[in-house]
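Dock chain Y against the given chain W, drawing on the hints supplied.
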Amino acid sequence: MQDFPPEVPAYPTSSASAEASGSRGRDRSFPDTRSPARFLVWLLGRQRDVLLAVFATGILVFLPGALGPYLVGRAVDEGIIAGSMSGLLTWSLILLGVIALGAGVGVAMHTFAVRGWLLALYQTTKLVTRKSTQMGHVLSQRLPTGEVLSVASGDSNKYGALSETVGRAASAFFAFGVVVALVLHTSVPLGLLTLVAAPVLVFVATPLLRPLQRRQAVERSRTSDLTSLATDIVAGLRILRGIGGERTFGRNYAAQSQRVRQAGVAAGIWQGAVDATGVLVSGLFLVLLTWLGARQVVAGELSIGQLISFFGFATFMVMPIYTFFELAQKWIQALVSAHKTIALLETEPPWRAPAEPRDLPRDAVIHDEASGAQIHPGELTVVVSALPDDSAALADRIGRYLPAAAGPVSTELEEDVKGRTARQTRAQRLAQRRERAEADRERATRRWGVTVGGVDLSEVPLARVRERILVSDAASMVFGGTLQRALDPHGRLSRTEAEQAMLVASAEDVFEALPGGWQGYLDERGRGLSGGQRQRLVLARALATDPEVLVLVEPTSAVDAHTEARIAERLAEHRRGRTTVVTSVSPLLTRWADRVVFLVDGQLAGSGTHEELVADNAAYQRVVVRAMDEDEEASDVQDTRDLAR
Amino acid sequence: MSKTPVTSLDELSEQLLPGSASTWQPPKHSPPVPVELRPPRHGSLRQRLRAWRSRHLLREERARAEYHRSRNPERGLPVSAGRAAWEFVQRLIGRRRPLVAGVLVLHALAAIAGLVVPRVLGHLVDVASVTGTLVTTLNTLALTVAGVVLLQTLLTFAARCSAAVFGQDLLAEAREYVVHTVLGLPLSTVESASTGDLVTRVTRDVSAMSDSVRWALPQAVIAAVTTVLTVAAMVLNSPLLAAPLLLSVPALAFAVSRYLRRAPAGYITEGATYSAINTTLTETVEGARTVEALGLQERRIAAGDDDVAVSAQAERYTMSIRNLLFSVIDFAYNSPLVTTLLLGGVGYANGWASLGQITTAALYIQAVVEPLDRLIYSLDELQVGAASTTRLLGIAAVPPDRQAGPDRPAGVHLQGSDLRFAYRTGHDVLHGVHVDLRPGERLAVVGPSGSGKSTLGRLLAGIHGPRTGSVTVGEVELTALPLEVLRTEVALVTQEHHVFVGSVRDNIVLAREDSPDEVVVEALRAVGAWAWVKELPDGLDTLVGSGKLALTPGQAQQVALARLIVADPHTLVLDEATSLIDPRTARTLESSMAQLLAGRAVVAIAHRLHTAHDADRIAVVIDGRIAELGSHEELIDADGEYAALWRAWTS
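Line order of the protein sequences matches chains W and Y. Going by our numbering, the first residue of the first sequence is number 1, and it counts up by one from there. Going by our numbering, the first residue of the second sequence is number 1, and it counts up by one from there.
Next up, chain W with everything else stripped away, as it sits in the complex (with noise of 0.2 Å):
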């Protein structure tokens, strides 16, 4: 039988995707995405095994609920009302046997159903790491990571919930049916009751469930508006003890805090009808199952110790009948968000593997046709531009990144949108998607207008491109870890090349930042340490991974000039004869490039050296030279560098 944690393949690679997509249908490893109940069953059915043992043992634990009260009677009529003391001792020893057994096999229906959960919830946590990585760059195009995270975070509790009701529920159905028969047998017009009283109590509290998950969706709303007051109150905490403020925020949050306060009465009050209707329909049900089983008593029709175990029988049923409850109640929330999940399990990378594969021919120039830039190999080349964001998509190009055209579409409903808008609001934003990932498919299989050599990106599988070309945004993410490990992700790395790369990068301050040094720990997302020194550490890391093109953006913009111009230093020395692309405006750097490329509207205005430039081309010097006769804060605000975030 399975144990956690489940065993999860990987998606294929991007570029091998295109051939494996089709046979994805079949094939049962990866997740069923067709509709939102397939995705359930194909989630249920990975561990079939583990609900059948559910099942099994859960038959043996409802066992003393279902039977006891059979046995209970049998012992009264036949040990204390007869008399007999073997009577009444062979009763209760059989008795004590199921309850000792239903004791001893709970333990192994826990240790079951934890393993059902728990498959359910790994698996799902383990497929959203797998097509995150699978989807690269082009996953936070089309859905919002809070999104993709919630997949993980919260969706998979739910599945994990409904897998464990599902085997508990079989049992629950089973002792249903034991309790039926036994009481089919002893009397047939109160089995019937029994039996139709069942679906009766559920149904009767639904008209009351509504409004109550109404006022409860209300009260979630209104916490999670809490909770984002509070999130942003310490976001700007210093800016609140810094400057002031506190009254303000803090009577802000405690107005808020007192409609949650209002929200959450409300809610209270109507669980409580909920309850008190469940006390009152499940009393009335053991009140008329008595009063009819006294009659027979008086009519002689059933005996005391039979009427005994009619109480019981009443009280137990009430255990599977909100265990089917429960069920519907969790199938429908894991449906709710199987919708989520497979929005994000569905989506595909674009890429198609080039149907002639060619490599990229080494030391070759390297041709944006989009721009007119060239990039000659071997040389350090400055792009320039007034807007990073012209300068960026340049180097995105070169590293064969989708442009992002639209935001993400979010699968998230609002709170008050139900029923039928809801279901067309899902088909749309459904649509939606599916149009963007046909755009960004079409927009990856054509032509990319990115030669080098000669030879269009497009013909060269991705893998290699992502191999010889390194595109170190400007929101390179820094992971947490040893110092090393975030230095060297790969363990490729000998000690002198660490080193070389920190000091290029004028990263020491990070290495002493750090007690324990290369074993240091660096927070999640480098937190912890300052702007400057998180992009110091991922201009270390690029330098350190040594691809043939090395492209870096806004390498240094969160660096005071003292350490840029160190770098600037370094960096030409260090990178000497490697094809290296650099975005940034400033002279610093500009005057080591063996190049400079001048993008004006994104289209190339200039070429050559920082001090041909300089000289000749008016545009570029007001760019990269500050016109120093004005004062220094507008100076200071034209400063059209854009912070690493």
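To be clear, the hints were calculated from the coordinates, so they are not data collected in a lab. Check before you lean on any hint, since a few could be wrong.
Partial list, derived from the structure: chain Y residues whose beta carbon lies under 7 Å from chain W [claimed, not checked]:
1. 157
2. 179
3. 190
4. 202
5. 279
6. 288
7. 296
8. 304
9. 319
10. 563
11. 648
Restraint-style ranges between C-beta atoms, simulated for each label pair [said to hold, decoys possible]:
12. W:447 x Y:424: 50 to 58 Å
13. W:618 x Y:424: 45 to 53 Å
14. Y:76 x W:453: 48 to 56 Å
15. W:217 x Y:420: 53 to 61 Å
16. W:217 x Y:598: 48 to 56 Å
17. Y:349 x W:335: 52 to 60 Å
18. W:200 x Y:184: 53 to 61 Å
Every residue gets a Cβ at the ideal spot worked out from N, C-alpha and C, and that includes glycine.
Okay, now just chain Y, sitting in the frame of chain W:
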């Protein structure tokens, strides 16, 4: 500047990266969990059991270690002692005595009503077992029970409502208190601590506390009341038949207390492993592009799988302690039924117990299971909630960093002398710096990263007190001023221009919260923002910030500047304040910035040399000392560090 040959980098490395050689390790993959935690594949049942036990003990040790770490964080904000949570709750409850009494009484009444039903049913059995009973008697009894059920329904409803009112009220006060303490954190703590820990506390811990207060606290109360009353009702029904249940109490108490002693560490560890999963996954998802660029796909998958493997071990531990609990309580709940039956048989034969009493006792035994179960789980949940609450109360435990004195500044002269400061004891980042800021002067501070220039800025803005020396304004120590006064003297302007969720007015009046609208409008005019603010649907009352109306980066920057105009300090410390400005909006902001700076003394900590160029004086900070000080021309003439840099910039 001359080109440095690469070979010198090698020589530099041991000097610049001290400890590099000793800490570099050949890459190795260590398994995410110790091999001892993997179950053996072979062996007899006994060996396997023994192996399971040693795994269980190892997991317990890991859980305790993790729990200990979470209680005594190395970095970040403190955590209060466990007792503090209960004292806090007691204080909150103490303020709501009548409501608490009401909740308890209603629940007790509902429970009692529920307990009457089995009694009447037992009576019904007695009546039915007597031959010749009239059907009308049965009807009357059944109607009585129906009446009691109705009463129980109403009482349950009232009790649940009162619990909702009480729980929500308590919770609202608790969370408002927490945010209040966050808003009172010392300035130096806020500036130096990373916000991650605080964000976790105001989100996850507040939510754990909420679950605990809203669900577990009422459940624990209801379940405890019901359990005690049920046992009491059993004794009232027949002390003899109640005996088996009472006898199983010690076994129950042993198993439950054993479980409760271990559960918090187990669940807190489990929670920590899920945070770790989330953290890694967040990096993978948000850094998807970096993963792709560097070809880290397999490593990120492995990192995620390692987190899951660690989490699975934490889950196994809690599963085992639950299993150990269940194996005892399942039996302890149900076995009294057998003993009661046997005793009942003997009692009935000897006339000590009637059939009705036996019936009632059996029903009570069944009825007591559910509240007992709930009691155990809610106690569990309460402990987890209490752990979160102690983290929340820890925020209030940060000691204040300053004591406001009675003196108020005479004049606007800002002076720092003999300034030393250390973030870590023994590691001074400033070594006896003197700064004398002439009123109205512009002083630019330049220097390499890590030289201490930002620290100097913080000292001059009164964020931190210096280790030695003093920073005074008008002869009064900055850190001896109340914050409200300090803010109107000196302000630190950083790269952050956070727009708060709230009205435009809320976002501007920060420093002087009682400012009338005219002042707000005036400030907005000064920064050139009034034109767009007045076009907003609700003017100054328009809600802005995350999730509301989004401002453009330029507008956000204007709002940030308007705040400072309202604060009206005579001295501004700009820490790279303008390097984040969007180039597309730069033009419109030039005059806004000029408006703000007019007539104020300015200390500008600059990354960019052109900022320094036009300052009255430039201070070059290197290794925690002011290496050069003077006007641009003077420093160029001196031909030192600054001059070299300037040549590089302009050549």
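Here is what the structure says about each hint:
1. The interface hint given for residue 157 of chain Y holds, since its Cβ lies 4 Å from the closest Cβ of chain W, which is under the 7 Å cut-off.
2. The criterion of a C-beta within 7 Å of any C-beta in chain W is met by residue 179 of chain Y, whose closest approach is roughly 5 Å, and the hint holds.
3. Hint status for residue 190 of chain Y relative to chain W: holds, with the closest Cβ pair at about 5 Å, below 7 Å.
4. Taking 7 Å as the C-beta cut-off, the interface hint given for residue 202 of chain Y holds, the closest approach to chain W being about 4 Å.
5. This hint holds: residue 279 of chain Y has a C-beta 5 Å from the nearest C-beta of chain W, less than the 7 Å allowed.
6. A least Cβ separation of about 5 Å between residue 288 of chain Y and chain W falls short of the 7 Å threshold, and the interface hint therefore holds.
7. Checking residue 296 of chain Y against chain W: minimum C-beta separation of about 6 Å stays under 7 Å; hint holds.
8. Because the smallest distance between the Cβ of residue 304 of chain Y and any Cβ of chain W comes to about 4 Å, under 7 Å, the interface hint for this residue holds.
9. Among the interface hints, the one on residue 319 of chain Y holds; its C-beta lies about 5 Å from the nearest C-beta in chain W, closer than the 7 Å criterion.
10. About 6 Å separates the beta-carbon of residue 563 of chain Y from the nearest beta-carbon of chain W, less than 7 Å, and the hint is met.
11. Hint status for residue 648 of chain Y relative to chain W: holds, with the closest Cβ pair at about 5 Å, below 7 Å.
12. Roughly 57 Å separates the CB atoms of residue 447 of chain W and residue 424 of chain Y, a value that falls within the hinted 50 to 58 Å.
13. The hinted range of 45 to 53 Å is satisfied by residue 618 of chain W and residue 424 of chain Y, whose Cβ atoms lie roughly 51 Å apart.
14. Range check, residue 76 of chain Y to residue 453 of chain W: Cβ separation about 53 Å, and the 48 to 56 Å hint holds.
15. For the pair residue 217 of chain W and residue 420 of chain Y, the beta carbons lie near 57 Å from each other, so the given range of 53 to 61 Å is met.
16. Between residue 217 of chain W and residue 598 of chain Y the beta carbons are some 52 Å apart, a value that agrees with the proposed interval 48 to 56 Å.
17. The supplied range of 52 to 60 Å is met by residue 349 of chain Y and residue 335 of chain W, whose beta-carbon atoms lie about 58 Å from each other.
18. Range check, residue 200 of chain W to residue 184 of chain Y: about 56 Å between beta-carbon atoms, so the 53 to 61 Å window is met.
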